[in-house]
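The listed protein sequences correspond, in order, to chains A and B. Be aware that the first sequence starts at 15, since it is given in the numbering used here, and climbs by one per residue. Be aware that the second sequence starts at 15, since it is given in the numbering used here, and climbs by one per residue.
Source of the hints: derived by calculation from the structure; they are not laboratory data. Being a predicted model, the structure only gives us computed values, none of them experimental. Please note that the accuracy of each hint is not assured.
Identical copies look the same in the list; a pair holds intra-copy or inter-copy alike.
[What the hints assert, rightly or not] The calculated EDC-like cross-link candidates involving lysine to aspartate or glutamate, where the alpha carbons are at most 20 Å apart (straight line), are:
no.: 1; residue 1: K838; residue 2: E780
no.: 2; residue 1: K597; residue 2: E662
no.: 3; residue 1: K204; residue 2: D133
no.: 4; residue 1: K762; residue 2: E342
no.: 5; residue 1: K677; residue 2: D805
no.: 6; residue 1: K614; residue 2: E82
no.: 7; residue 1: K359; residue 2: D329
no.: 8; residue 1: K198; residue 2: D449
no.: 9; residue 1: K74; residue 2: D194
no.: 10; residue 1: K597; residue 2: E610
no.: 11; residue 1: K597; residue 2: E308
Protein chains: 2
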Amino acid sequence: MAKTKYVYYFGDGKAEGDAKMKEVLGGKGANLAEMTNLGIPVPPGFTLSTDVCAAFYENKRRYPDGLESEVAEHLARLEKSMGKKLGDPVDPLLVSVRSGASVSMPGMMDTILNLGLNDKAVEAIAKNTGNARFAWDSYRRFIQMYGDVVLLVPHDDFEHALATLKKARKVELDTGLSDDDLKKLVETYKAIVKKHTKKDFPQNPKEQLWGAMGAVFGSWMNERAIKYRELYNYKNLKGTAVNIQSMVFGNFGDDSGTGVCFSRDPSTGKNEFYGEYLMNAQGEDVVAGIRTPEKIATLSKRNAAVYKELVAIKDRLEKHFRDMQDMEFTVQQGKLFILQTRNGKRTGAAAVKMAVDMVAEKLITREEAIQRVAPEQIDQMLHPAIDPKAAKAAKVLAKGLNASPGAACGQVVFSAADAETWSKSGKKVLLVRKDTSPEDIGGMVVSEGILTATGGMTSHAAVVARGMGTPCVSGANALSITGKLATISGVKFKEGDWMTIDGSTGAIYQGQLALQEAKIGKELETFLSWCDEIREASVRGGIKGFGVRTNADTPADAKRAFVFGAQGIGLCRTEHMFFDKEKLIHFRAMIVADNEKQRKEALKKILPLQKKDFLGIFKAMEGKPVTIRLLDPPLHEFVPHTKNETEELAKHLGVKAKDLMPKIDRLHESNPMLGHRGCRLAVTYPEIYDTQVEAIMQAAIECAKKKIPVSPEIMIPLISDPKELAVLRERTQKIVNEYLEKAGSAVKVLIGTMIEVPRAAILAAEVAKSADFFSYGTNDLTQMTYAFSRDDAGSFLPTYLEQGILPNNPTETIDEDGVGFLMKHASQEGRKTKADLKLGICGEQGGDPATIDFCYRIGLNYVSCSPFRVPIARLAGAKAVIRNSKK
Amino acid sequence: MAKTKYVYYFGDGKAEGDAKMKEVLGGKGANLAEMTNLGIPVPPGFTLSTDVCAAFYENKRRYPDGLESEVAEHLARLEKSMGKKLGDPVDPLLVSVRSGASVSMPGMMDTILNLGLNDKAVEAIAKNTGNARFAWDSYRRFIQMYGDVVLLVPHDDFEHALATLKKARKVELDTGLSDDDLKKLVETYKAIVKKHTKKDFPQNPKEQLWGAMGAVFGSWMNERAIKYRELYNYKNLKGTAVNIQSMVFGNFGDDSGTGVCFSRDPSTGKNEFYGEYLMNAQGEDVVAGIRTPEKIATLSKRNAAVYKELVAIKDRLEKHFRDMQDMEFTVQQGKLFILQTRNGKRTGAAAVKMAVDMVAEKLITREEAIQRVAPEQIDQMLHPAIDPKAAKAAKVLAKGLNASPGAACGQVVFSAADAETWSKSGKKVLLVRKDTSPEDIGGMVVSEGILTATGGMTSHAAVVARGMGTPCVSGANALSITGKLATISGVKFKEGDWMTIDGSTGAIYQGQLALQEAKIGKELETFLSWCDEIREASVRGGIKGFGVRTNADTPADAKRAFVFGAQGIGLCRTEHMFFDKEKLIHFRAMIVADNEKQRKEALKKILPLQKKDFLGIFKAMEGKPVTIRLLDPPLHEFVPHTKNETEELAKHLGVKAKDLMPKIDRLHESNPMLGHRGCRLAVTYPEIYDTQVEAIMQAAIECAKKKIPVSPEIMIPLISDPKELAVLRERTQKIVNEYLEKAGSAVKVLIGTMIEVPRAAILAAEVAKSADFFSYGTNDLTQMTYAFSRDDAGSFLPTYLEQGILPNNPTETIDEDGVGFLMKHASQEGRKTKADLKLGICGEQGGDPATIDFCYRIGLNYVSCSPFRVPIARLAGAKAVIRNSKK
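All chains, please: the whole structure from these sequences, using the hints.
Here is the structure:
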């Protein structure tokens, strides 16, 4: 077996790796190699591969054999290239040590800069550069970082020492400190290290190097990195690579600086060079959001040549990588260096705009465009905005940066921990912080929105919020925070006070402003139409297309979904119609009826009202298929709950309330979900479904007469036996045929069933004999298959998710192994009986991208989801078609 | 295609059919043919095959082509053989027309005797026999039967006319009427027929014959026949055959008679000739129980030659058919004829005794013996008896015949309809009647016991009661009934009064006597030990035996089951232990605990009490495996229900009752069956299972130290995910190991899981990795697979069974298609992971013979059922082994 190569060199225009080696070199390392090969100015260095990290953890945190000599060899090559030596008292080499996994995990792992400095090297740097202030500033930064990350000295101790010194010197910024101040600060820092570690700060640069590498590899398994990978569901990663790179300095003086830039605007997607930088600073100053940086365009005034070179490089890199680039650069004494490039994170709107633009620019194909946009990004775009009327009426307290789009409204909390606590008790919170750090991730996830006082568009708060689609306003200078009190333009906010922010404009408002739902813009519409085309071209069970329908119970919902591109209604629940006050009294009269005659009388009054509901929905859907589920819930759900309601019903029926009570009690069930509901109601009281079918047929025929196209699909719920469906189908078909014959109508009416009981899925081959279609009712199917009810699972399901016993909540994403087994089995068996059996899903998982992919794989013809998830499903469906046609 | 033969001749020592042709000729026809071939004196005749019946119903009640000529041909042959002609005015042939399906359906279909009589033939018979009384008695019987069965004249009109005449003549018995009386009665009967049919009684014997055949074929589909086939689950029968046979007459005079006999005693199984007869009577007089017949032994005095011949024939037939025979015979003027033979119905005790005796006699093999006894017959034998102390103290009011064994106690009702009504409202009823008729079947099924005033051991009541295993006392002459009042030895019983009967002795008691459970006698024990041997020899999944365990929660249950032959405990529910008052208070304290510490404190008090329970059970089972299921039900089942209980708990905890209420409310669940229960409790509160496992281990180690063998199997319930079991198994195993190591004990402890959630069945291959055994919890598995709860199914399941949507109640007999699919899948998948995975069933279906057969077929190693069903399961399991090894 060939010896594993652990270390890869890059520098002097040539690298041992390239962009394709992300798995081995990590994203950062692979792209440093690629840029080196392209001739981009990258400081030379070498990368320890992810295999080292994997071996490290496989072998109880010990490095693999041979690593030491391989590192020594590459370090020697770097020293030779740079003409400097690590730890050389005359001309010392300084390096950075950075993490870099195959996926981007910004800020989650550790970084050490300026490594190689010690008491002697600092003097040499001061002498060689003629810039003592720079040398001592670098040294104190190194001690602080190394102390924090490697030696685990409390970060705050260093910050406190710095703040004390600045206060004593009466300066605001770090740059206000003299070289002597910094020299003194270094002594203080070293004393802090000694106090905590009982040892002197390490002076041996090799020891520093191995210490730093160990800390970076160790940070792969720190809590926040693990949490981040969980959050983004990153699995089966080998580990992080470690990049050791010769230092360049943005803190060399006023002709130096450092910045972050994007080849296009990551917030809007516009094809405009975008970014920000700080002069006389090191990288972490920009990301940490301690000083508010300047816009990239201003660099052209400071140094036109550097700006021009940077623009040329971003153009070249974008073309090379065929995607928007997110780059880090440093200018040292007027010379430009690129320290990192990667495909940039972006908002949903930006993702769609870039995808559409890049297709127009012929940079990418439509299929690539679709693959570039994540379904969650469409979700982001459908985030609410502030109602324009409410916005007009309200006063903007202040404006910060529009860091992550969408409006949010919540009760102010001042720490991530509080955000989590409040959110658990069902409150909507808005997290207000000076700035955020990776430790805050848990609180950020649960917040409606995030507001920070400092930090730019690329600050931690902004990057994370955009990634999660959470509205964020950052760098709001007008905000000051003292303990649990925030003040903005003189208005005070205590914990729990309401605040509204607009992440699309940066505006901050007092109180709860009305929000309104997003609309689908022109670019998104174009993009989604491409998705529709791709889905339309696929064929499942002989039926063309992989459709997206919606679950809608009212004409209003149906209209909204239609606008969002729904290709039909996959689930229209008829019971919701009965909760309407006008119908409820008749329905209640029906369920307490003593006999068939009384039931029929009550149903007779419901018939015209229900017909009206169906008419509205048929009209809204303009001839697209409408799947109507006949009555499903247990009757007791409709029972009068209060004394008033009981008396009202008694009066309606002309009986005494106390005589009604025993009937109402009889309707009580121990386990209503497993009780007298669904088609069981029709087996015992056939007149209920008869009435509903009549209402459907009357509405359909009225539409047909008015030349409004209709396509009703009658769905019989909770089937557990083939004979049960056969009996009910026959009865339903008879009514349908009678109406069609009487009206001489040719309206096509399908009759099918929900597959939501495990037994129906098992016996699908037989069930299919009486069904024109199956619709997987994955809410109930999941509950029956797992034997838990969503109503009751709150007391244990969170523990299952926390302990990782279940990887996902199966009510959100289909459980492919269990519930999916039944769906797959039922689809195969059903199609054995009827090759062209129409298959769909109408459970809530139907709007979940992973579920949609699964549904495509097992041959479903459509998914159905809530109106707001329709656009997401249109994209997710197209992605499923592309992904699976590749395989 | 060859023409179907519809008619089969038998007579003159040779028949066209034989005993193997039951499907075609029916049981009666096939055996008449067989007896004819054996040279037994059988009156000649011919059989219309069941194919005629099938064709009749397939073809809208029209006979198949060619039948008429085939009948004519065979009739001519019969006439030639007998030297008489149907309808001949000088020497007329008389025939009987009887039904006979391939399975015995006693009394369910119609029979016509004396067919061929008319106004002229009666005179010829009177002249030829020199017995006018016989001729006219035969004619009036024929008119009555034909009028009732073919012409649908109300039966009671004839009975009324007969009774009126007898009253006028002041005679008690029919035989008291003179030939003139009977002549007059015939005129009255003919008038009755004319009044109802507006036509004269048919005089053409061919018309009579076709009318009778039509009525018999028609009776195949009468309500009581259909009900009977449903009751005994007879399916896919072609129909009934019809036997036309020359008449012999038991009512010819005092040298004639008719009777029913059994080659062994059908009640006890003793190898004694058994039966009864009536002189000067026709067959229906014996069966109808109108006169109380004489014991067969007395026939030896009346006619020693005939008796000797009959004994020789019964011996020959029993040897020939290798089973106890039930025969009908008629003696005409001293000459013996056998009219029917068949394998006799018998009580459970008789079945077992005969089976054991016949093996000893080398008549049959052990396997045949096992196949001869139905599991339901073992059930019968386990029927209760009257507690001897109670019997001693009580007065026997009267004695009737011990027609069907077992004691019964119930409230008196006087009609089958009342029995059904009372039983539906949950009452235990005892049906008291003069006699019973096939119309009463519904009421007999629901009665605890049956008492009749007339009728012998072979009366309808006796035969049906024995078949159903219902205790019955028949022919209780001391009983008289007027409307809804019964009098026995001066004691009056109104409707609803309590009565106790003993079907094993014939005794009748007033009031409710204490009953006691049956014990297993020596013969049954021998029989069951053969069953055990056969089961023990089979190998499933590499494990020897197909065991029978029991579900037992207490040492008392365990002991009882052990005596009944249980080979272990398949399900010991630990929660029932907590309902014990002493433990309940601590358990309640545990479930309302605020934190782990409080929970642990309450559990610490439960630990020694639960250990004691386990000790008792381990001791009772003497080292046989004991499967202990850890806590399963939702906590809220243990919650205080009343104000008193709440206050008691509050006092125990030293808190206020009102402070407890919110905690109690929080435990409420919408669907407790799908809620926070089973192993979910252990995921959220691991200390609960920890405590139970500790109690098991403490008890096991204490036994081991005392040299009492123990074999605990710890069962984790409600698993829905492999990882869930993996986590809980690891935790359980750790405690088990700690105890074993500490005690230096080698007790073998298995850890397995219940498969009761569909998802666990689906993912069985993964689940098996953490399980030493699977036990199918088919109660819950059925409920989840069908999505119904037994608690709530009462409102719809009866309708499903009535309408035939479901063939069986799946909570009683396993649903092989649905639930069985999951069991089969799980067994196969589980054994793919572990070839020797132990598989069992512990749902209530585990005691059902059809389910046991299924469990054998899918490779289970044992079934577990309630203690009283253990003997039944021992037999059913052996039958399964035999049946499936034949295939």
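Evaluated hints:
1. Taking the shortest alpha-carbon separations for K838 and E780, both the intra-copy value of 15 Å and the inter-copy value of 19 Å come in at or below 20 Å.
2. For the homomeric pair K597 and E662, the shortest alpha-carbon distance inside one copy (14 Å) is at most 20 Å, but the shortest distance between copies (47 Å) is not.
3. For the identical chains of this complex, K204 and D133 are intra-copy neighbours only, at 11 Å inside a copy versus 137 Å across copies, given an alpha-carbon limit of 20 Å.
4. For the homomeric pair K762 and E342, neither the shortest alpha-carbon distance inside one copy (62 Å) nor that between copies (64 Å) is at most 20 Å.
5. Only between protomers do K677 and D805 lie at most 20 Å apart by alpha-carbon distance; the minimum there is 18 Å, versus 25 Å within a single protomer.
6. In the homo-oligomer, the alpha carbons of K614 and E82 never lie at most 20 Å apart, since the shortest distance is 87 Å inside one protomer and 52 Å across protomers.
7. Taking the closest pair of Cα atoms, K359 and D329 come within 20 Å of each other only inside a single copy of the chain (17 Å); across copies the shortest separation is 98 Å, beyond that limit.
8. In this assembly of identical chains, the alpha carbons of K198 and D449 never lie at most 20 Å apart, being 29 Å within a copy and 118 Å across copies at closest.
9. Proximity of K74 and D194 under a CA criterion of 20 Å is satisfied in neither setting, with 45 Å inside one chain copy and 117 Å between copies.
10. Taking the closest pair of Cα atoms, K597 and E610 come within 20 Å of each other only inside a single copy of the chain (19 Å); across copies the shortest separation is 50 Å, beyond that limit.
11. For the homomeric pair K597 and E308, neither the shortest alpha-carbon distance inside one copy (63 Å) nor that between copies (72 Å) is at most 20 Å.
Checked against the numbered hints above, the structure breaks hints 4, 6, 8, 9, 11 and satisfies the rest.
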